[in-house]
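Chemist: Below are the chains, spelled out letter by letter.
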Amino acid sequence: MTGTLGIDGRSRSLGAWRAVSVDAAVWRTAVQTLAAGELQLIGLWAEPGVVRMALGDGVGEAAVLELACPDGCFPSVGAAHAPAIRLERALCELYGLTAEGAADVRPWLDHGRWAVSHPLGAAEPSERRTTYPFLPAEGESLHQIAVGPVHAGIIEPGHFRFTVNGETVVRLEARLGYVHRGLEGLMAGADLDRAARLAGRASGDSTVAYALAFARAAEAALGLEAPLRAAWLRALMAELERLANHLGDIGAICNDAAFALMLAHCAVLRENVLRTAHAVFGHRLMMDQVVPGGVASDLDGPGEQLVRELTATVRERLPALTELYDDTASLQDRTVGTGVVAPELARRFAAGGYVGRACGRAFDARRAFPYAPYDRLNFRVPTRAEGDVNARVWVRIDEVGESLSLIEQILHGLPDGPVRAEPPAGAGEGAALVEGFRGDVLAWVRLREGRVERCHLRDPSWFQWPLLEACIEGNIVADFPLCNKSFNCSYAGCDL
Amino acid sequence: MTARRFILEGLLRGPLTEPAPRADETEVRRLAARLDAAAQRRLGRSLAIREVDAGSCNGCELEINALANAFYDLERFGLRVVASPRHADVLLVTGPVTLNMREALVRTWVATPGPKWVVSAGACALDGGMFAGGYACERGVGEVLPVDAHIPGCPPTPAALLAGLIALVETNAGR
Ligand code: SF4
Numbered sequence: 001m002t003g004t005l006g007i008d009g010r011s012r013s014l015g016a017w018r019a020v021s022v023d024a025a026v027w028r029t030a031v032q033t034l035a036a037g038e039l040q041l042i043g044l045w046a047e048p049g050v051v052r053m054a055l056g057d058g059v060g061e062a063a064v065l066e067l068a069c070p071d072g073c074f075p076s077v078g079a080a081h082a083p084a085i086r087l088e089r090a091l092c093e094l095y096g097l098t099a100e101g102a103a104d105v106r107p108w109l110d111h112g113r114w115a116v117s118h119p120l121g122a123a124e125p126s127e128r129r130t131t132y133p134f135l136p137a138e139g140e141s142l143h144q145i146a147v148g149p150v151h152a153g154i155i156e157p158g159h160f161r162f163t164v165n166g167e168t169v170v171r172l173e174a175r176l177g178y179v180h181r182g183l184e185g186l187m188a189g190a191d192l193d194r195a196a197r198l199a200g201r202a203s204g205d206s207t208v209a210y211a212l213a214f215a216r217a218a219e220a221a222l223g224l225e226a227p228l229r230a231a232w233l234r235a236l237m238a239e240l241e242r243l244a245n246h247l248g249d250i251g252a253i254c255n256d257a258a259f260a261l262m263l264a265h266c267a268v269l270r271e272n273v274l275r276t277a278h279a280v281f282g283h284r285l286m287m288d289q290v291v292p293g294g295v296a297s298d299l300d301g302p303g304e305q306l307v308r309e310l311t312a313t314v315r316e317r318l319p320a321l322t323e324l325y326d327d328t329a330s331l332q333d334r335t336v337g338t339g340v341v342a343p344e345l346a347r348r349f350a351a352g353g354y355v356g357r358a359c360g361r362a363f364d365a366r367r368a369f370p371y372a373p374y375d376r377l378n379f380r381v382p383t384r385a386e387g388d389v390n391a392r393v394w395v396r397i398d399e400v401g402e403s404l405s406l407i408e409q410i411l412h413g414l415p416d417g418p419v420r421a422e423p424p425a426g427a428g429e430g431a432a433l434v435e436g437f438r439g440d441v442l443a444w445v446r447l448r449e450g451r452v453e454r455c456h457l458r459d460p461s462w463f464q465w466p467l468l469e470a471c472i473e474g475n476i477v478a479d480f481p482l483c484n485k486s487f488n489c490s491y492a493g494c495d496l
Numbered sequence: 001m002t003a004r005r006f007i008l009e010g011l012l013r014g015p016l017t018e019p020a021p022r023a024d025e026t027e028v029r030r031l032a033a034r035l036d037a038a039a040q041r042r043l044g045r046s047l048a049i050r051e052v053d054a055g056s057c058n059g060c061e062l063e064i065n066a067l068a069n070a071f072y073d074l075e076r077f078g079l080r081v082v083a084s085p086r087h088a089d090v091l092l093v094t095g096p097v098t099l100n101m102r103e104a105l106v107r108t109w110v111a112t113p114g115p116k117w118v119v120s121a122g123a124c125a126l127d128g129g130m131f132a133g134g135y136a137c138e139r140g141v142g143e144v145l146p147v148d149a150h151i152p153g154c155p156p157t158p159a160a161l162l163a164g165l166i167a168l169v170e171t172n173a174g175r
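Protein chains in written order, with the working numbering: chain L, 1 to 496; chain Z, 1 to 175.
One chain only, chain L, in its complex shape (with noise of 0.2 Å):
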């Protein structure tokens, strides 16, 4: 892969990928290659007077790319390359870098509230500055709904701005940012154990695969390797937790339909898995429990039994609920055809999870890049074509399935042993690519002295949320909730 690009073998090892220090020749050549297809874009990070961009085939090879840009400039990734617009935008205003050639200069996550600006760079006193330039859309009779950042309903807050005529959406622009903590920041200086819980909270619907990728991450710089029951037991939590946010979403989507019925059935398969997580592990969502070196809490007897209880009812109550969608012709009047998001585009975007492979980008990280024990366990990929919000409903149906056959399995196959290794206080760089319910999680550390001196957590949203925002293009407004529903995009998992 580095050799696609020309690049020398001096690298160093991250864990699974190796990171190249390059100059900023091989650096446009990396973005060419990128605008061109030929590669994709995992992430895009900095910290003072470096930048990196994380790449890979899609498949099965990843590298990662630094820069150094002591005078705080570096080509823009973003000019050539739309996926890395609003990543580019991040990090320049976090770390007062400059993206030369960037078309989009406009601020992301600063939203002129904060005290400082450049917080994680310079941290100059900052002019408080609340207008933000929506992108222009021009026309006869098109008006504009501005809607959030409070929604109606109990979720995340963020602001869409729709550009309307009549009922049809002509242009949506979203604006985040409303949820920023600073976790980067945060992270700086952190020991192992509150940087694990704070990565376990970046986006809490994903707190086992957040702190997943981090524990792996720093497993890595650490050159530590979890005890194999451990590796099986975050598979467990990891596949329960995809269980669970498939299940009440599913629900949701519905809902969002008009279809409550749905819902409530769901919702209550949903309380079962959060319940069972809660008996065996202590916690519903299962927070805190994945740590660097393992897990926080074993299975036990009963609380296998537990498992395989819960299993059984899902499996049980599953294919009725599959017939009931599939057979409410009302629900599929509002899902088939609607929110379309075209396979270039999801490929172009490298858009994991349910939203890529409802257009059939069959990428998952664990099968990409296989990290135990997923290497050992049989589990399909399912696609779809058409890109719908049908389509994501389906895939989400057939991962409950897969997900029910994993947890079956690694009950089946869990080996005896310890669950925890205490990690050695040293230093190091690791990364590591995890399979969310959503998609793929990234996540990058440097330690030092056992504690983090930098981290950086990309949540697969980054590359989904523009693409909800392309195939509402020609809907009507009364369909944007369906189709949000159906991407469930994390909004705190980006804002950070």
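To be clear, the hints were calculated from the coordinates, so they are not data collected in a lab.
No experiment lies behind these values; they were computed from the predicted model shown.
Treat each hint with caution, since some may be false.
Residues of chain Z clear of chain L, computed beta-carbon distances all greater than 12 Å [said to hold, decoys possible]:
1. R45
2. R50
3. F77
4. P113
5. P152
So the derived label-pair ranges between C-beta atoms look like this [unchecked claim]:
6. Z:P115 with L:E138: 43 to 49 Å
7. Z:R13 with L:A188: 50 to 56 Å
8. L:A372 with Z:G114: 55 to 61 Å
9. Z:E9 with L:G337: 26 to 32 Å
10. Z:L8 with L:R367: 55 to 61 Å
Which bits of chain L does chain Z cover? Going by a derived footprint, with three or more residues having C-beta under 8 Å, they are [stated by the list, open to error]:
11. 114 to 120
12. 144 to 153
13. 264 to 270
14. 321 to 330
15. 485 to 492
Idealized CB from N, CA, C, for every residue including glycine.
Following the hints, put chain Z with the ligand in place on chain L, whose structure we already have.
Modeler: Frame of chain L; chain Z with the ligand shown alone:
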């Protein structure tokens, strides 16, 4: 067809809904002391809740959403989640209050007609939790709004949320 079968099954199987958790008596008395008789009469036994995420990781929202499921069935207590602050008696606020959400939170509170309650939910909402001390957050809802009650947890369990909210209803019932 399938839908009808589901409804029939639901009738035959009986409800999953569980008995209510008990509200803490001292909490009810403490809250009642903050509410005058006129406000009690106006609010009655039914409360409309507007939820505001002021910087949550979304874990708290998941559990607040769970209150609507068949096990907890929030509405049987006269508690309703409403879409607009203008229809609300209670603001249920989560998160440390990010500076980017501060104004939206305050404006939501201003838009809520009195008498009104503010309930903070979750460790972040109490004092900023793990996010306190950064450049981007306040230290909890109390820094921004007058908080009447807090529901602890990270996130609070649905049972804890329910107990906290029932305490509010009991208070208003003027016992
Ligand atoms: S209290 Fe816990 S669950 Fe709630 S927002 Fe804070 S970190 Fe998330």
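Chemist: Against each hint, give a clear statement of whether it holds in the structure.
Modeler: Hints, one by one, checked against the model:
At roughly 22 Å from the closest C-beta of chain L, the C-beta of R45 of chain Z stays outside 12 Å, upholding its exclusion from the interface. The Cβ of R50 of chain Z sits about 8 Å from the closest Cβ of chain L, inside the 12 Å cut-off, so the non-interface label is violated. Here F77 of chain Z stays apart from chain L, with its beta-carbon at least about 17 Å from theirs, past the 12 Å limit. Under the 12 Å C-beta cut-off, the non-interface status given to P113 of chain Z relative to chain L holds; the minimum distance is some 16 Å.
At roughly 14 Å, the least C-beta separation between P152 of chain Z and chain L is larger than 12 Å, which holds for a residue marked as non-interface. Distance hint check for P115 of chain Z and E138 of chain L: the Cβ-Cβ separation is about 47 Å, which falls inside the suggested range of 43 to 49 Å. Between R13 of chain Z and A188 of chain L the C-beta distance comes to about 53 Å, which sits within the given range of 50 to 56 Å. Checked against the given bound of 55 to 61 Å, the beta carbons of A372 of chain L and G114 of chain Z, roughly 57 Å apart, stay inside it.
The given range of 26 to 32 Å is respected by E9 of chain Z and G337 of chain L, whose C-beta atoms sit roughly 31 Å from each other. Between L8 of chain Z and R367 of chain L the CB atoms are about 42 Å apart, so this pair departs from the stated range of 55 to 61 Å. For the segment 114 to 120 of chain L, the assignment as covered by chain Z holds, since 4 residues bring a beta-carbon within under 8 Å of that chain's beta-carbons and 3 suffice. For the segment 144 to 153 of chain L, the stated coverage by chain Z is satisfied: 4 residues place a CB nearer than 8 Å to a CB of that chain, which reaches the threshold of 3.
Given a C-beta distance limit of less than 8 Å, the hint that chain Z covers the segment 264 to 270 of chain L holds, as 5 residues qualify and 3 suffice. For the segment 321 to 330 of chain L, the stated coverage by chain Z holds: 4 residues have a C-beta nearer than 8 Å to a C-beta of that chain, and at least 3 were required. Restraint check on the segment 485 to 492 of chain L versus chain Z: 3 residues with Cβ-Cβ distances below 8 Å, three needed, restraint holds.
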